[in-house]
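Participant: Protein chains in written order, with this note's numbering: chain A, 1 to 720; chain B, 1 to 427.
Hints may be right or wrong, so weigh each one.
Claimed, not checked - Cut-off 16 Å, straight-line C-alpha distance, at most; resulting in silico cross-link-like pairs (EDC-like, lysine to aspartate or glutamate):
| id | chain 1 | residue 1 | chain 2 | residue 2 |
| --- | --- | --- | --- | --- |
| 1 | A | Lys-246 | A | Asp-277 |
| 2 | B | Lys-226 | A | Asp-357 |
| 3 | A | Lys-331 | A | Glu-369 |
| 4 | A | Lys-350 | B | Asp-228 |
| 5 | A | Lys-405 | A | Glu-382 |
| 6 | B | Lys-351 | B | Glu-362 |
| 7 | B | Lys-243 | B | Asp-192 |
| 8 | B | Lys-247 | B | Glu-196 |
| 9 | A | Lys-56 | A | Glu-193 |
| 10 | B | Lys-226 | A | Asp-371 |
| 11 | B | Lys-247 | B | Asp-192 |
| 12 | A | Lys-87 | A | Glu-71 |
| 13 | A | Lys-347 | B | Asp-228 |
| 14 | A | Lys-308 | B | Glu-46 |
| 15 | A | Lys-70 | A | Glu-369 |
| 16 | B | Lys-226 | A | Asp-343 |
| 17 | A | Lys-364 | A | Asp-128 |
| 18 | A | Lys-70 | A | Asp-291 |
| 19 | A | Lys-387 | B | Asp-42 |
| 20 | A | Lys-387 | B | Glu-46 |
| 21 | B | Lys-127 | B | Asp-169 |
| 22 | A | Lys-592 | A | Glu-534 |
| 23 | A | Lys-387 | B | Glu-285 |
Since the hints were made in silico from the structure, they are not lab data.
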Amino acid sequence: MGTWNSVQGNDGILHVTIDKPEASVNAFSASVLAELETLLNDIERSAGQIKGVLFKSGKPGNFIAGADIKEMSSITTKDQARATAKKGQDLFARLEQLPMPTVAAISGSCLGGGLEFALACKYRVADDDRKTVLGLPEVRLGLVPGWGGTVRLPRLVGTMNGVQMILAGAMINGTKAKSRGLVHDVVPPEALEAAALTFLRKGAPRAKNPGIKHRVMETKLVRSYILKQAEKQMLAMTHGHYPGPKRVIEVLRAGLLEGPEAGFAAEADAIADLSKDPVTVECIRLFFLNDESKKWAEEVAPNYKSKKLTHVGLLGAGTMGASLAKIMADKNITVRLKDVSADALAKGLKVARNLCDKDVKKKKVSKREADRCFGRLSPTTEYTGLKHAELVIEAVIEDLDIKKKVFRDLQIACGPDTILATNTSSLRLSDMVGAIDRPERFVGIHFFNPPHKMQLVEIVTLDSTGQDAISTAVALVTKLGKTPVVVKDCPGFLVNRLLTPYMNEAGYLLAEVDDPMEVEKAALEFGFPMGPLELMDLVGAGVAAKVSQVLFEAYGERMQPAPAWKRLTELQKSLGQGAQTKVILGKGSKKKINPDVAKVLADIRREHRAQAGAAASDRLSHTEIAERLVFPVINEAARALEEGIVRYPEEVDMAMVFGTGFAPFRGGPLRYADSIGVSYVVETLERLAAQHPRLAPSDALRHRAAIGGRAFESALKVPV
Amino acid sequence: MARAVIVGGVRSPFVRAGDQLRFTPTPELGRLVTQELLMRYDVKPESIDELVCGNVGTPPDATNVGRVISLLSGIPKEVIAHTISRNCASGMDSVTQAVEHVESGRFKKVIALGVESMSSAPLLFPKQMSEKLLNTTKAKTTMQRLQAFSKLRVSDFTPQIGLVMGLTDPVSGLIMGKTAEKVARKFGITRDDQDEYALRSHEKAVAALEAGRLARETMTIYPAPKNDPITQDIGPRKGQSIKSLSKLKPYFDPKYGSVTVGNACMVTDGACALLIMDEELAKAEGYQPIGRIRSFAYAGCDPATMGLGPVYATHKALQQSGMQLSDIQLTEINEAFAAQVIGCLRGFESKSFCQEELGTSEALGSIDPERLNVNGGAIALGHPVGATGNRITLTLLHEMERRNLDVGLATLCVGGGLGGAVIVERN
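Working from the sequences, and respecting the hints, build out all of it.
Facilitator: Listed below in structure tokens is the structure:
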């Protein structure tokens, strides 16, 4: 048995079931392509007897997920990459030119090469299953679609939609695919094959004449305008760090303005150049790390897949709690949502309702589905309805005594086996565990704010935490489609512990540089999605101050909060609430520093200069600023690794990329350290420490530097 | 024989129709209380055997609304659910049916739900309009179609108010308020009698709310679209005066009548759910039931004086349990109209009425007004028709517990000429 299993029916239709042996998903590897070639040979040879070809998948939830990325990353030369692109293009061209009608019956993920394959069929029919998604996400891996997708997709959905889909790597469901013209019809799963056969037998109804709007939109002039606008937006978002999206624009430009042949050729060129580009390598590595995160979690929580979550208690209906409640309800979990007052609950419910309404607006779900999701939230001011909850998460105010009381109350309100979790970000589990009779059921599940947007979740354990508790936490996080990282309890856990030195150093830098925006620019140039000032707006100065104080108390001098942040926090308090308290005002190119803030920063700068004398007025280059920001993160990460907070350096990279947006194309702080050499980091920190003792390299970092080479690479089998 | 017990219950605040719950349709209203019942009593949804739902105004988009509510509440698809209608006794019927299903040994855990969204009562178009529209679709030529359309009159589009239709008995042709006028005339009940009664209802309800006596049964709801909380019934008016009540014009018979919107119950949205269980199972699962139904009865009477239904039904229920009216320690008579409740009280006391209508030799006896509707009634709290039976049963049992009484009566009149009565006891 191979991947392409064909059976010819009495009606002359060839039914091809795509089912890659011994694989969980269908993906294009060299051998799968070779087999497709054989199949096409056979079909071409007996063309007279075959009235039509139907392609369907033998794997539930998956049509063809794309190219085999593991195999792809083993490609070593440009020519090899180009040849693979050409090979696929040629085969799909032959598929497109078959004399009989062909149809792709799409159920499950139909992505990348899988969609490009379907695009080469004459007809496409998709089902309306939740798992069915179509898209060309190559750009997310730093690549471009290489098998004709950039030529064929815009032809079907129009330049506007096509450019947007490919550039964002967007994935859409069957219903949306139908409305955009990507598939000919969308039907319930059980009707898929019959519908596909109908297209083979009867063809598609005559297409409506494209209206005048369409004809205008598809003139070269408009196309080139759309491309130019898309390029501008893309550059504003990526700051030019990613060659992938740039090449996407180039390839689309070739295909849309110069014709299909130019498009195909540009695709192959782009694949050849990008496949070994360092950015692509890092993107692919992160893709695998994300996959790997579940395996790492499984090592400490072997039975998490068997954990059922249907009823979860959630304490605290603040913005965090409400958003968390909503994403749980999305996944069919009934959430008993408790807060101290009806007004607090009402506020939380409004937040959740808004999120539901947004989903409807974005057509992610129907109104009915959104109502059902909202209906799974069960508000209460009493400790009731928690007896049968599999898990209760507290997201109440960050106050140790209140949290301890909550856990004591919960032990009465919950069943004996209910797992008790804290969503604390600044307190330690070890300080809370005393309030819990059976500490084995106590675990930390730290969602980042806002939970509906943030991909990473820290699962925090104590030595006393039982396997059931860890498994339940991992089960929840994976059920929500998020990435878990299991960490040991320590002040700040992993992400905040590593982020705090970065933010503090940014605070110190604000006193040294002439223009505070220099710090922002340096961070953006390094590859952070936003600068530290903007991040402060997002996190909230109050929360950040709380966390940094806790960490200072725990770790001492190296986490000494920068005076600038303290002053800003005070200023914000005096400004009251609302948009005017933000540090950065405006959006996009209109971003500027709040004048009130600028004034305070100017004061701080003056005081600093007076204190430090002329030495401080040396101009810092953006590179120097970036090193001051990032190297302390590496320094702290080395310590955390040595303490066993996480087990693998790769977990640090993944957590920082998914949790803080740490320059993905650099692969994370430790991957970055390896790429520039750990000894360079140590030397730089030593030099800086002369003036700023807090920056002294740790022993842990020195040990790593002594190893040499890629000191932060574990023996994990991450390809790349 | 198995014995059924009432483990407990919960209800929504009662809200004037067209007010804060006007965007909460029947299924959603039912879901709110059913889900809260499951939570408060820590019931695993899969352990439910059946949900019985009393509802009068069937939502056009949810015909077996009980089933819809069951599924929306997270009760698994395998669990059965149905909807029953006995007009104003629909909710009471859900309770007595649940009890019967448990006592027959068929089921062990049943939810008895009553729900009514009177805000959702539809506007209907007259039959002749749909007939004429149908003709236009049958037309074959353009001329014929034009002709068919030309037959439509503006008056054809005058909507009929579903609520008014629902509150009118088609057999006697009387709207409910007019049946109350009949009762008032029959027993010579004056406007003042009625207004006095209505005032007392408000006073008692306000006192009950202020003392928190209704808090135990009432859940806070956060209805769409604003999700602002409603924590208690909004009907009872503090500072209601006899003067303002007496100023109101008779609503149903402006010339000679005495029934006003002030001495009648308001049109209301609300829902109430009770958990009915097999006694043994309830004990095994550690519940402390609030009581059980000792006997119950429904009785027929003249639709034109349907307000007297409680007398007929109570008589039957007393007979079945071998009790006298004097054995009843606390009573809830639903206050559809003040005239109708006073009519019932007079009926119970009237030898001639009892002889003629019930065939007894003596009057049934009298009900002490101090032991009647002690926390106010529907005139103040509201009467969401399908949910009232559940509500008065629950309110009665809670109050009996508070006063440490053993036997109580909850009874109501039913549009169309019925009465319903349950005699409850605490264990």
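Participant: With reference to the structure, classify each hint as holding or not holding.
Facilitator: Structure-based check of each hint:
A hinted pair counts as satisfied when its Cα atoms are at most 16 Å apart, and A:Lys-246 with A:Asp-277 qualifies at roughly 13 Å. The suggested pairing of B:Lys-226 with A:Asp-357 holds, with an alpha-carbon distance near 13 Å, which does not exceed 16 Å. For the hint pairing A:Lys-331 with A:Glu-369, the CA-to-CA distance comes to about 11 Å; that is within 16 Å, so the pair holds. Distance check on the hinted pair: A:Lys-350 and B:Asp-228 sit about 9 Å apart at the alpha-carbon level, within 16 Å; holds.
For the suggested pair A:Lys-405 and A:Glu-382, the alpha carbons sit about 14 Å apart, so the restraint of at most 16 Å is met. Distance restraint check for B:Lys-351 and B:Glu-362: the Cα-Cα separation of roughly 5 Å lies within the 16 Å cut-off, and the hinted pair is therefore satisfied. Restraint check for B:Lys-243 and B:Asp-192: the C-alpha separation of about 11 Å stays at or below 16 Å, so the hint holds. For the proposed pair B:Lys-247 and B:Glu-196, the alpha carbon gap of about 13 Å is at most 16 Å, so the pair holds.
Taking the CA atoms of A:Lys-56 and A:Glu-193, the gap is about 8 Å. The hint holds against a cut of 16 Å. Proximity of B:Lys-226 to A:Asp-371 is assessed by CA-CA distance (about 14 Å); at most 16 Å being required, the pair is judged to hold. For the proposed pair B:Lys-247 and B:Asp-192, the alpha carbon gap of about 11 Å is at most 16 Å, so the pair holds. A hinted pair counts as satisfied when its Cα atoms are at most 16 Å apart, and A:Lys-87 with A:Glu-71 qualifies at roughly 15 Å.
A threshold of 16 Å between alpha carbons decides the hint, and for A:Lys-347 with B:Asp-228 the separation of about 8 Å falls inside it, so the pair holds. Between A:Lys-308 and B:Glu-46 the alpha-carbon distance is near 15 Å, which keeps this suggested pair within the 16 Å criterion. Taking the CA atoms of A:Lys-70 and A:Glu-369, the gap is near 37 Å; set against the 16 Å cutoff, the hint is violated. At most 16 Å may separate the alpha-carbon atoms for a hinted pair to count; B:Lys-226 and A:Asp-343 meet this at roughly 12 Å.
Distance check on the hinted pair: A:Lys-364 and A:Asp-128 sit about 12 Å apart at the alpha-carbon level, within 16 Å; holds. Straight-line distance between C-alpha atoms of A:Lys-70 and A:Asp-291 comes to about 12 Å, which keeps the hinted pair within the 16 Å bound. For a cut-off of 16 Å, the pair hint linking A:Lys-387 to B:Asp-42 stands: about 6 Å separates their Cα positions. Restraint check for A:Lys-387 and B:Glu-46: satisfied, since their Cα atoms lie roughly 15 Å apart, inside the 16 Å limit.
Restraint check for B:Lys-127 and B:Asp-169: not satisfied, since their Cα atoms lie roughly 19 Å apart, outside the 16 Å limit. Restraint check: the Cα-Cα separation between A:Lys-592 and A:Glu-534 comes to about 10 Å, which is no more than 16 Å; the hinted pair holds. With a C-alpha separation of about 13 Å, the suggested pairing of A:Lys-387 with B:Glu-285 holds against the 16 Å cut-off.
In the structure shown, a violation is registered for the earlier hints numbered 15, 21, in ascending order.
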